[in-house]
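Trainee: Chains as they are written, first to last, in UniProt numbering: chain G, 1 to 294; chain A, 1 to 316.
Treat the hints with care, since some could be wrong.
[Unchecked claim] Only some residues are given here: those of chain G computed to face chain A with a beta carbon under 10 angstroms:
id, residue
1, THR187
2, GLY191
3, THR250
[What the hints assert, rightly or not] With a straight-line Cα cutoff of 30 angstroms, these simulated DSS-like cross-link-like pairs (lysine-lysine) come out:
id, chain 1, residue 1, chain 2, residue 2
4, A, LYS26, G, LYS193
5, G, LYS193, A, LYS102
6, G, LYS179, A, LYS196
7, A, LYS277, A, LYS196
8, G, LYS193, G, LYS179
9, A, LYS277, A, LYS26
Read the hints as simulated data drawn from the structure, not as lab findings.
Every residue, glycine too, gets a C-beta built ideally from N, C-alpha and C.
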Amino acid sequence: MTSMTGTAARAMAGFGNTSLGRAFGSWLGKIAGGFLILLVLVAIFAPWITPFDYAAQDLMNGNAPPGWPHLLGTDQFGRDVLSRVIYGARTSLSVSATAIAISIAVGMTLGAAAGYFGGLFERAVMTVVDLTWSFPDILIALIFVAIIGPGLTSTTFAIAIAYLAQFTRLTRAQIVRLKRETFIEATINLGAKPRHILQYHLLPNAIAPVIVVGMLAIGDGIVLEATLGFFGLGAQPPTPSWGAMMSSGTAQLFLSPWVIIFPGVVVAVTVIAVNLFGDELIRALDIRDRIRGA
Amino acid sequence: MLEVSNLEVAFGPVAPLSGVSFALDKGETLGIVGESGSGKSLTAMSVMGLLPLSGGRITAGSIVFDGQELTTLSEPAYRRLRGGRIGLITQNPMTSLDPLQKIGPQVDKVAVLHLGMTAREARARTVEILGTLRIPEPALICERYPHQMSGGMKQRIVIAMALAADPDVLVADEPTTALDVTVQAQIIRLLDDLVKERDLSLVLITHDMSVVAQTCDKVVVMYAGRAIEHGPVGAIFGAPQHPYTQALIGCIPKGLGQDEQLTGIPGTVPTVLNYPKGCPFHPRCPRAQGICATDRPAHVTQGDSAVACHFPGERA
């Protein structure tokens, strides 16, 4: 620490004052956030850090227990479980993040428009959105699988639609609340157009809870992706996905439990980390009441 | 410049405003006084065309600004007036600024929108206006966020935003209610100076009769959604005709150290849902007689003033 230059120290202090920085402030935030950063790095650099090709089969060496050289053992086809878990992180994170990004983009637009314009338009939008919420996630996934076939695209859209209602409702609630604030009335009084008010005043003030709920939803999205993968509706072989790995592991549950245990543990730890970090973010942004309000 | 005649406003079946009239010339200051709930702010909202926001509408009367009828104006045309030619200074500066945006950009946008300036020109103008409002180091203030400033400062910023597009009329809705007493006087003086320097017309809504006496040329006294007396400040304060106006003036503290009892007005302002029949003031009026409870008094004009009372006259 003594070798740290003034500029770097100031930069660190600056980061500590941001909401993200404050979320890293507690030891819980450091552990959870650190794990998530590690996971993202692992996913990005997967080709360089995996000890084996995730699809390479070694039929003579199937169901090998954890040890050397296969640290987490091999599955029934002799594929390295560690490499597949690492590549699975790529699949899980990218599918979940993409889906939630779509969900936020569409949900915020719908919710903001509904909340701002109100009236019949609001009622129409919210009814349709609430309808999507009433469908079980798996059913939505099945609809997409029926239309475009099983695979990551279907999974992505299914997750996006499953969380659409949440973001629409959350954004709408924020906008309805903000719309009554004096500074919005003051802006109208200065002659601002609705578009300007939405873009510069309402959305920036509404975004904090959406970010946090989005963060938590990525965790849920990982579980949903794993679930769909488990049922064979998601990633298709040989693409590794945590859910699909567990699914194939069930066949040899007693023969080689590591095939199902390790992806399962990773899913669990990831989701716990996402939730813990999300909680820290809520605390740092001081918006607990606004999230419950949705 | 601005002429409001017989304005009536309704929210569904409720009519919180009936028969408000006043006229304002260039360079004049008009005070609208009255207790809470008398319809002062509603009058301001009607002039700004903001009633639809809260579900109200103008049912009768007219608002003419610079020869243009406002009650039938389309929303896009109204948007050009708001902030452009009529500026509004809101009641609470604490909540009138977007908490996420720096002061500079918030003020700049007004000139960009209404005067078609570039961002750079608008900033130069913002700095200049902040300077005329006696804000120290205006360029630095532009980089601040609202939470870093005091209430009096924020109110100056709100005034700067109202002035940014060089309006003809300024409507100040209780501009000092949320401020410290010491700052109140500064802001009122500032508004007064602005009117003189820029030849503005100012509608000053307040419940402080002493402020009206000091700064206004004309005054409208409102009670229960009605203008019960209006006229030049000199005439109204010199010889108030309506018992309510007399009572309000009686509420002004005269000085310190004197062994003087401040008078209050007995009773409370009626709520919109049960405005009394006849003269709305009769339940609290010392002069009330039988006719006051049944017939609504018409406006009696006397010189430049008008009063709505069955028994006008100076206090006995």
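Trainee: Next step is simple, just say for each hint if it's right about the structure.
Mentor: Right, here's what the structure says about each hint:
1. Restraint check, THR187 of chain G versus chain A: the minimum CB separation of about 7 angstroms is within 10 angstroms; hint holds.
2. A cut of 10 angstroms between beta carbons decides the hint on GLY191 of chain G: the least distance to chain A is about 4 angstroms, and the hint holds.
3. Because the smallest distance between the Cβ of THR250 of chain G and any Cβ of chain A comes to about 50 angstroms, over 10 angstroms, the interface hint for this residue is violated.
4. For the proposed pair LYS26 of chain A and LYS193 of chain G, the alpha carbon gap of about 28 angstroms is at most 30 angstroms, so the pair holds.
5. Taking the CA atoms of LYS193 of chain G and LYS102 of chain A, the gap is about 20 angstroms. The hint holds against a cut of 30 angstroms.
6. Distance check on the hinted pair: LYS179 of chain G and LYS196 of chain A sit about 36 angstroms apart at the alpha-carbon level, beyond 30 angstroms; violated.
7. A threshold of 30 angstroms between alpha carbons decides the hint, and for LYS277 of chain A with LYS196 of chain A the separation of about 42 angstroms lies outside it, so the pair is violated.
8. Using a Cα cut-off of 30 angstroms, the hinted pair LYS193 of chain G and LYS179 of chain G holds, with the two alpha carbons roughly 14 angstroms apart.
9. This hinted pair does not check out: LYS277 of chain A and LYS26 of chain A have alpha carbons roughly 37 angstroms apart, beyond 30 angstroms.
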